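> As a plain string of letters, each chain reads:
Number of protein chains: 2
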Amino acid sequence: MTAAIGIDVGGTVIKGGVVSASGEVLAKATRPTNANAGPAQVVERIAALIATLQSESDGSFAPTSVGLGVPGNIDHGNGVVLASPNLNGWNGVPVARLVSEGVGLPVVLDNDANCAALGEALCGIGRGADSMVLLTLGTGVGSGMVLGGKVWRGTTGLAGELGHSIVHVGGRSCACGQSGCLEAYASASSTVRRALELIESGEASSLREVLDRGQAITAEMIVQAAEDGDRLAGRVWEETCRYLAAACINIQHLVEPQYIVLAGGMSAAGERLRRPVQGAIDAMVSRRFGQPPRVRLSLLGNDAGFIGAAMNALQVDR
Amino acid sequence: MTAAIGIDVGGTVIKGGVVSASGEVLAKATRPTNANAGPAQVVERIAALIATLQSESDGSFAPTSVGLGVPGNIDHGNGVVLASPNLNGWNGVPVARLVSEGVGLPVVLDNDANCAALGEALCGIGRGADSMVLLTLGTGVGSGMVLGGKVWRGTTGLAGELGHSIVHVGGRSCACGQSGCLEAYASASSTVRRALELIESGEASSLREVLDRGQAITAEMIVQAAEDGDRLAGRVWEETCRYLAAACINIQHLVEPQYIVLAGGMSAAGERLRRPVQGAIDAMVSRRFGQPPRVRLSLLGNDAGFIGAAMNALQVDR
Numbered sequence: 001m002t003a004a005i006g007i008d009v010g011g012t013v014i015k016g017g018v019v020s021a022s023g024e025v026l027a028k029a030t031r032p033t034n035a036n037a038g039p040a041q042v043v044e045r046i047a048a049l050i051a052t053l054q055s056e057s058d059g060s061f062a063p064t065s066v067g068l069g070v071p072g073n074i075d076h077g078n079g080v081v082l083a084s085p086n087l088n089g090w091n092g093v094p095v096a097r098l099v100s101e102g103v104g105l106p107v108v109l110d111n112d113a114n115c116a117a118l119g120e121a122l123c124g125i126g127r128g129a130d131s132m133v134l135l136t137l138g139t140g141v142g143s144g145m146v147l148g149g150k151v152w153r154g155t156t157g158l159a160g161e162l163g164h165s166i167v168h169v170g171g172r173s174c175a176c177g178q179s180g181c182l183e184a185y186a187s188a189s190s191t192v193r194r195a196l197e198l199i200e201s202g203e204a205s206s207l208r209e210v211l212d213r214g215q216a217i218t219a220e221m222i223v224q225a226a227e228d229g230d231r232l233a234g235r236v237w238e239e240t241c242r243y244l245a246a247a248c249i250n251i252q253h254l255v256e257p258q259y260i261v262l263a264g265g266m267s268a269a270g271e272r273l274r275r276p277v278q279g280a281i282d283a284m285v286s287r288r289f290g291q292p293p294r295v296r297l298s299l300l301g302n303d304a305g306f307i308g309a310a311m312n313a314l315q316v317d318r
Numbered sequence: 319m320t321a322a323i324g325i326d327v328g329g330t331v332i333k334g335g336v337v338s339a340s341g342e343v344l345a346k347a348t349r350p351t352n353a354n355a356g357p358a359q360v361v362e363r364i365a366a367l368i369a370t371l372q373s374e375s376d377g378s379f380a381p382t383s384v385g386l387g388v389p390g391n392i393d394h395g396n397g398v399v400l401a402s403p404n405l406n407g408w409n410g411v412p413v414a415r416l417v418s419e420g421v422g423l424p425v426v427l428d429n430d431a432n433c434a435a436l437g438e439a440l441c442g443i444g445r446g447a448d449s450m451v452l453l454t455l456g457t458g459v460g461s462g463m464v465l466g467g468k469v470w471r472g473t474t475g476l477a478g479e480l481g482h483s484i485v486h487v488g489g490r491s492c493a494c495g496q497s498g499c500l501e502a503y504a505s506a507s508s509t510v511r512r513a514l515e516l517i518e519s520g521e522a523s524s525l526r527e528v529l530d531r532g533q534a535i536t537a538e539m540i541v542q543a544a545e546d547g548d549r550l551a552g553r554v555w556e557e558t559c560r561y562l563a564a565a566c567i568n569i570q571h572l573v574e575p576q577y578i579v580l581a582g583g584m585s586a587a588g589e590r591l592r593r594p595v596q597g598a599i600d601a602m603v604s605r606r607f608g609q610p611p612r613v614r615l616s617l618l619g620n621d622a623g624f625i626g627a628a629m630n631a632l633q634v635d636r
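Chains as they are written, first to last, in our numbering: chain A, 1 to 318; chain V, 319 to 636.
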């Protein structure tokens, strides 16, 4: 049986699995990333995780290649991580070659959001879809795009930075240096920031108690408070969903993929995310362009990245 | 020599030409559209134009197929114009079949902006480019996208509606029913509208004389007045270019094509358009994602549509 190992390198944990050509997960395992130890240490941990997964493969599905997903700017062709906001010191690291030398298998490197998009498109919620855009909603907002059944990476691998598309010219400052980015409104951290601003301005909210206890407010707390009827939290979460709706409308009008999928940490909110985003789309979109796009929630969750990384390797293998 | 006939059906004029597989224009001609006469009449005019072009083809380049570009929502696969804002009564017109029956050649139908994008990508400013996004700037704002050397049409042919991507959530109302669309800020007509609003609010401008003479203000006049130092016109034009810059930044971050090309009627402003758009991009874009995208002006001008329509037919032919 043709199979590949997929590895998803996150800021805190490395996830991996053996995946068959039909998308079946035959084995999986995780390791802490220990990102502070630097690239060489992380490469060793990746190789150890691959060895573990290989040892679990009996002869019936010996994996013949490795797919690697890493956050950041990726040179896919050369297998080099150019820069990564989540992995300290990963500037110009030829990780595909380093891992390949360690494990004796060919390695295909890609951006982690691209891998997640390919995983969901081939094996998850978009199974059988020719085209799909996946939004990764977490501390930041990223995206991956599958067109014609393959990842679209752009000219130098920088496509898919949906979080830094401008949805409010002259709007809020973004950490990237631009103004009015989607990420400045719709990431988990900007959702928290907007709530804090309102609380600091003196507006009443049940979330104030959290601060009074010396704790930090999280996006999850805001979603819960909104559901419990807290008006400030409700307004903040409604705004997050409205900006995500605008981004989905923009994807629809520019690319018109078969599927638009919400993934990443914030998608753990499930229907409390999907329903208001869909509602805002339905309220905002013009009917001149047919039916409003329908958004879906990720099906594979945290496994999408390593599954897509493996499928990426299998696509190159073929 | 392999050649095809390309036809670009505009609201006022039908342009056509015989184009070789290498992109050379071997003959060209035009006819008034007479759109008010309805689809049947326009189809006859298209057929007559094709006959004229055929008669100019000696044996050395007998065209073997026809490519047709029409504004509006297009069912490319079935060759049907679903709806067209510029062509009255074109709802569900099977124009590919009708023209094919009239001229005895296979006909490939596509959206006019898609044709212009393919023309510029294969034979114009993007010659040799694998990927390109072309903006058509006129009464409205449209776009066409070439990815992997082919037109990307989306799932049902509705991709490329860049004019209705939202660049200012909660912003100006657009004719399409949405708020904050690019087209509500950056089309020729919205540029005129914003200037009129400022004049009506009492602001001084040399353009007031135009109104006093009973004439209508055009986008060209605004560009000229801005160049002549009129402050109101300067501000309006700067805003148009700033919104176009945001759209180019969004294209770059989502798709990262090799080329972003400004085309359509408003691109006749040439460097008076390109330079301020590029300047606004350079001022607004984050350097985290490499060099700012460089925008270019259309090279083929009004011929891009029929050249791309012909190349579209030749791609299907192969």
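It is worth saying that the hints were derived from the structure and are not from the lab.
Just so you know, these numbers come straight off a predicted model, no measurement behind them.
For each residue, glycine too, the CB sits at the ideal point set by N, CA and C.
A portion of the hints provided could be inaccurate.
As the list claims (entries may be wrong) - If you anchor each label on the Cβ, the simulated ranges turn out as follows:
(1) A:T52 / V:R605: 56 to 62 Å
(2) A:R294 / V:L423: 38 to 44 Å
(3) V:G466 / A:L299: 23 to 29 Å
(4) V:T370 / A:G149: 49 to 55 Å
Stated by the list, open to error - To give a feel for the contact side, a few chain V residues facing chain A, derived at Cβ under 7 Å:
(5) T370
(6) L400
(7) S491
> What hints, given by number in increasing order, does this structure fail?
Numbers 1, 4, 5, 6, 7 - these are the hints that the structure violates, sorted from lowest upward.
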